[in-house]
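Make the full structure from the sequences, and use the hints.
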Amino acid sequence: MLAIIILLPLLLGTVLSVGLNQAPRLFKMLVAVGISLGCFILLLSQANSVFNGQIISQSWDWLPQLGINLSFRLDSIALLFALLISGIGTLIFIYAYYYLSENSSLSKLYALLMVFMAAMLGISLSNNLIILLVFWELTSISSFLLVSYWKQYQTAQQGSRMALTITGMGGLALLGGFVLLGQMAGTYQIDEILSIGASLQANPVFNSALILILLGAFTKSAQFPFHFWLPNAMAAPTPVSAYLHSATMVKAGIFLVARLLPIFVGSALFHQMVTTVGLITFCIGAFFAIFKDDLKGLLAYSTISHLGLIMCLLGMGSPLAIAAAVFHIINHATFKAALFMIAGVIDHEASTRSMYKLRGLWQVLPFTGTLTFIAASAMAGVPLTNGFISKEMFFTEIVSYFSGGQFLLAITVTTLAGIFAVAYSARMIHGIFFDGKLGKDVNQKAHEPAFGMLAPILVLAIGCILVGVLPAFFAENIVNQVTRSITLVHDFHGVHLAIWHGVNTPLIMSVIALVGGTGLYFALARQNKIRHIELEKYMGKFQGKIIFEKILSTLETTSRTVKLSTETSSLQNYLFLIIAFTIGLICIPLLPYELNTGTRVLTHAPLTAIVIWLMLFSACWMMLWFHHERIKAVLISGAVGLVLSATFVTLSAPDLALTQITVDVVTTVLLLMSLSLLPQLTPYESSQAIRWRDAIIAIIAGGGIGWIAWLVLTRDHNSISWFFAQQSLPLGGGANIVNVILVDFRGFDTFGEITVLGIAGIGALCLMDGMRTHGTQTTKGLTYRFNPSPLLVRTAASWVLPIALVVSLYIFMRGHNAPGGGFIAGLITAIALVLQYIALGQERAERLMCAKSGRLYEIWIGSGLVIAGLTGVGAWFWSRPFLTSAHFYIPIPFDKIHFATAVFFDLGVYLAVVGSTMLMISVLGDSKHSSMSGPVREE
27 MLAIIILLPL LLGTVLSVGL NQAPRLFKML VAVGISLGCF ILLLSQANSV
77 FNGQIISQSW DWLPQLGINL SFRLDSIALL FALLISGIGT LIFIYAYYYL
127 SENSSLSKLY ALLMVFMAAM LGISLSNNLI ILLVFWELTS ISSFLLVSYW
177 KQYQTAQQGS RMALTITGMG GLALLGGFVL LGQMAGTYQI DEILSIGASL
227 QANPVFNSAL ILILLGAFTK SAQFPFHFWL PNAMAAPTPV SAYLHSATMV
277 KAGIFLVARL LPIFVGSALF HQMVTTVGLI TFCIGAFFAI FKDDLKGLLA
327 YSTISHLGLI MCLLGMGSPL AIAAAVFHII NHATFKAALF MIAGVIDHEA
377 STRSMYKLRG LWQVLPFTGT LTFIAASAMA GVPLTNGFIS KEMFFTEIVS
427 YFSGGQFLLA ITVTTLAGIF AVAYSARMIH GIFFDGKLGK DVNQKAHEPA
477 FGMLAPILVL AIGCILVGVL PAFFAENIVN QVTRSITLVH DFHGVHLAIW
527 HGVNTPLIMS VIALVGGTGL YFALARQNKI RHIELEKYMG KFQGKIIFEK
577 ILSTLETTSR TVKLSTETSS LQNYLFLIIA FTIGLICIPL LPYELNTGTR
627 VLTHAPLTAI VIWLMLFSAC WMMLWFHHER IKAVLISGAV GLVLSATFVT
677 LSAPDLALTQ ITVDVVTTVL LLMSLSLLPQ LTPYESSQAI RWRDAIIAII
727 AGGGIGWIAW LVLTRDHNSI SWFFAQQSLP LGGGANIVNV ILVDFRGFDT
777 FGEITVLGIA GIGALCLMDG MRTHGTQTTK GLTYRFNPSP LLVRTAASWV
827 LPIALVVSLY IFMRGHNAPG GGFIAGLITA IALVLQYIAL GQERAERLMC
877 AKSGRLYEIW IGSGLVIAGL TGVGAWFWSR PFLTSAHFYI PIPFDKIHFA
927 TAVFFDLGVY LAVVGSTMLM ISVLGDSKHS SMSGPVREE
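Start counting the sequence shown at 27; every next residue gets the next number (my numbering).
Hint data in this document are derived by calculation from the structure and do not stem from the laboratory.
It cannot be assumed that every hint is accurate.
For lysine-lysine, the following DSBU-like pairs were computed, each having C-alpha atoms within a straight-line distance of at most 35 angstroms [to be verified]:
hint : residue 1 : residue 2
1    : Lys571    : Lys589
2    : Lys589    : Lys177
3    : Lys383    : Lys177
4    : Lys571    : Lys177
5    : Lys471    : Lys383
6    : Lys571    : Lys134
7    : Lys658    : Lys589
8    : Lys134    : Lys177
9    : Lys134    : Lys383
10   : Lys576    : Lys383
11   : Lys383    : Lys658
12   : Lys576    : Lys177
13   : Lys589    : Lys576
14   : Lys471    : Lys177
15   : Lys134    : Lys471
16   : Lys571    : Lys383
17   : Lys576    : Lys134
18   : Lys463    : Lys383
19   : Lys466    : Lys383
20   : Lys466    : Lys576
This is the structure in structure tokens:
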């Protein structure tokens, strides 16, 4: 059921939203509402059992060796957030239908909102840290697309990029924190980690994991100093702001901290960081909200403030503080979603969101004004609203948590933030709906919108009143059960939610906040200062947005400088930088170690080894001497490959020898064809200093690799070859260990390699299709295409092809039990086809093979990848891991044949290798060229 709840909006919702693009708007809305309401009902059906302590879980193995499984868990905290996500999402879908004009794509908005809903449900229900992280990043991507929904506006583009950058960096930090946490706990399963509890704090890397996880939570929930991205994301359509930036996405960080709270509680670093950051965010968000011009900007900063309040409560860590945080999560979602939708109504009817222009709207929008009064009162913490009770609980926990010198500071900051909250709430009520006559810049024909647009707001406003008047009836059991789920303190007696707790310090703080906030607003309004104070002017360069843009500008300038200084169009310089950087990366980790010769008993080098070494040394020296002459250099590199093949033969590695020889032939052909399009000579070094530089770096790199090889070879090691020797036949069904490793034990690697090879072939086609090269003095006379050869060569090639194909078949069929396999067979076939190009000419050879323009080779590549992939998928039908092969005997008259399913995978390798190799050769051979004067010339 849990997976279905996530998949409903993710798959069904997005498909229907896009597929019904031409359907009536009302039908689209009904489909979207039906899906989200279906998720809500499914969750609600489990509410009774879950809120009574039952935990529902589902799990499927995915990568069990890495501890990554598709695991989901529905407990009280997960159910609460999932109900908020699906319930408020249903209201948002209804509201969006009336908010968006006919010119805006409702299908696009619904599809993106469905993806976002699924991602948030995934975060809430995930029981695996890595799976949670996947959904976490999906929220960042989907919110980026939603904020930039109106991509024609520059503010939308800037806001979406800023939000994605900040939350994306937080996601990277979160990945590091999750990996460290998983390594400490020995598992990525959240329930197993929570069962360990605070014992993880003894681990020396705990604080590092804690800081990284909190960075991810702070960025996602817009905590100081990462808060500035949220106001800049207000360019999104109002339904998006009401859903993402009040009730759901910005609470993802809150949820994460609450979910992992049992392992954090007791850590001094956790309590200090979270309470401090939360208090600062609570205060500065409320202060900046007072002076914002944009109505949605005011609500954005107030959201930041309330998120800080909740984060501060989580930082305290006591069960009573957690209960207050849970209650305020519910309350904030209701009144803030309502207020954002009200902002959309005002913008929709008054044609502006500017607080400097809005006034006197009560004359034309009395019902909207009433709803605003209820929701804004809840936001301010006025008695008989839900916000008042959770604010009282917050003040109570502040008074009881802090002591000594911190007490007075915390009380002062909290009361000031409460005053600011009342002030911006009063501004939203009085400044917009009263404060004089209807503004002249406001649409004079404004009127109440359709009831369907106000209905979602009305539902939330009624909730604010009902919970505020009867909190024990509507919320007490939920709050207490979710608190037990978060803290894992099952003997927690719970809190009693009531309107009146007597005269105490929190009540006095509330009275001061209500009176002081109202007085502050009217004092500023009377002097007309709210409409003229621009905090951005006073903050100057210390604004978060400006600092962020300055950092990005500095990074861009620095990267451009590095680019200009390194991209010199010189392969020589590129190789120098790559090799020098690699040397540095290798040397730094090795510095603490004593790199001495090992204690392994050394043996004398046989004569064969000495001869091969001398041949290799001679070939490399010739390469160094003739490297400026490109054709000679290619031929010498082929000689080096032959020496390596002889080495493999000497070391009894026939598979590697066959592979090396065939690869050597094919790469030599490719290099010769490529170099025929270039000058025959490589330019000499520009100065003696560069020659010495390159010589020194080459000696260091070569000597270093040789020294590392010496250190390894002079030390004893535990080989794992015994495993493959023992298990190759019983598990892989083959006697050729190398081939079994490639197509079975490490088949996934091989599949990736042939995929890369296919991409390289297609890439060559895309880059060089229709390419025209100009002849130069150094390339004059070279052949650009395969042209027909003399009769003797054509006759010999006609005999070579069938023999080569038979050899390829033989090498292919024996590969699982003797040296050979699909890769070697594919290269042999490619060599035979290249000989046909040489003998018959490329044009005729491709015409006979129906391979004009490489189309046949593209089909071979695709067919090879499909066959290899289907072979791997087939193992799933027998509940075996991907690419696990099966082997059995097929009876035939008087005998039986041993057969392994890996042969199909090898067939895919064969086709992909032949197709990729021949496609690159075909593209190079087909490159058109022209002389310096311009006309195309075929030689």
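Results for each hint:
Taking the CA atoms of Lys571 and Lys589, the gap is near 27 angstroms; set against the 35 angstroms cutoff, the hint holds. For the proposed pair Lys589 and Lys177, the alpha carbon gap of about 30 angstroms is at most 35 angstroms, so the pair holds. Between Lys383 and Lys177, the direct Cα distance comes to roughly 26 angstroms. Compliance with the 35 angstroms bound is thereby established for this hinted pair. Of the pairs offered as hints, the one joining Lys571 and Lys177 holds, with about 20 angstroms between alpha carbons and a cut-off of 35 angstroms not exceeded.
About 15 angstroms separates the Cα atoms of Lys471 and Lys383, which keeps this hinted pair within 35 angstroms; it holds. Restraint check for Lys571 and Lys134: satisfied, since their Cα atoms lie roughly 29 angstroms apart, inside the 35 angstroms limit. Of the supplied pair hints, the one linking Lys658 and Lys589 holds, its CA atoms being roughly 33 angstroms apart against a limit of 35 angstroms. For a cut-off of 35 angstroms, the pair hint linking Lys134 to Lys177 stands: about 13 angstroms separates their Cα positions.
Proximity of Lys134 to Lys383 is assessed by CA-CA distance (about 32 angstroms); at most 35 angstroms being required, the pair is judged to hold. For the suggested pair Lys576 and Lys383, the alpha carbons sit about 32 angstroms apart, so the restraint of at most 35 angstroms is met. Note on Lys383 and Lys658: the hinted pairing is violated, with a Cα-Cα distance of about 79 angstroms set against a maximum of 35 angstroms. Between the alpha carbons of Lys576 and Lys177 the distance comes to roughly 23 angstroms, so the proposed pair stays at or under 35 angstroms and holds.
Of the pairs offered as hints, the one joining Lys589 and Lys576 holds, with about 20 angstroms between alpha carbons and a cut-off of 35 angstroms not exceeded. Straight-line distance between C-alpha atoms of Lys471 and Lys177 comes to about 29 angstroms, which keeps the hinted pair within the 35 angstroms bound. As the CA atoms of Lys134 and Lys471 are separated by approximately 31 angstroms, the hinted pair is consistent with the 35 angstroms bound. For the suggested pair Lys571 and Lys383, the alpha carbons sit about 25 angstroms apart, so the restraint of at most 35 angstroms is met.
Taking the CA atoms of Lys576 and Lys134, the gap is near 34 angstroms; set against the 35 angstroms cutoff, the hint holds. As the CA atoms of Lys463 and Lys383 are separated by approximately 11 angstroms, the hinted pair is consistent with the 35 angstroms bound. A C-alpha spacing of about 8 angstroms is found between Lys466 and Lys383, which places the hinted pair at or below 35 angstroms, so the restraint holds. The hinted pair formed by Lys466 and Lys576 fails the criterion: a straight-line CA distance of about 39 angstroms is larger than 35 angstroms.
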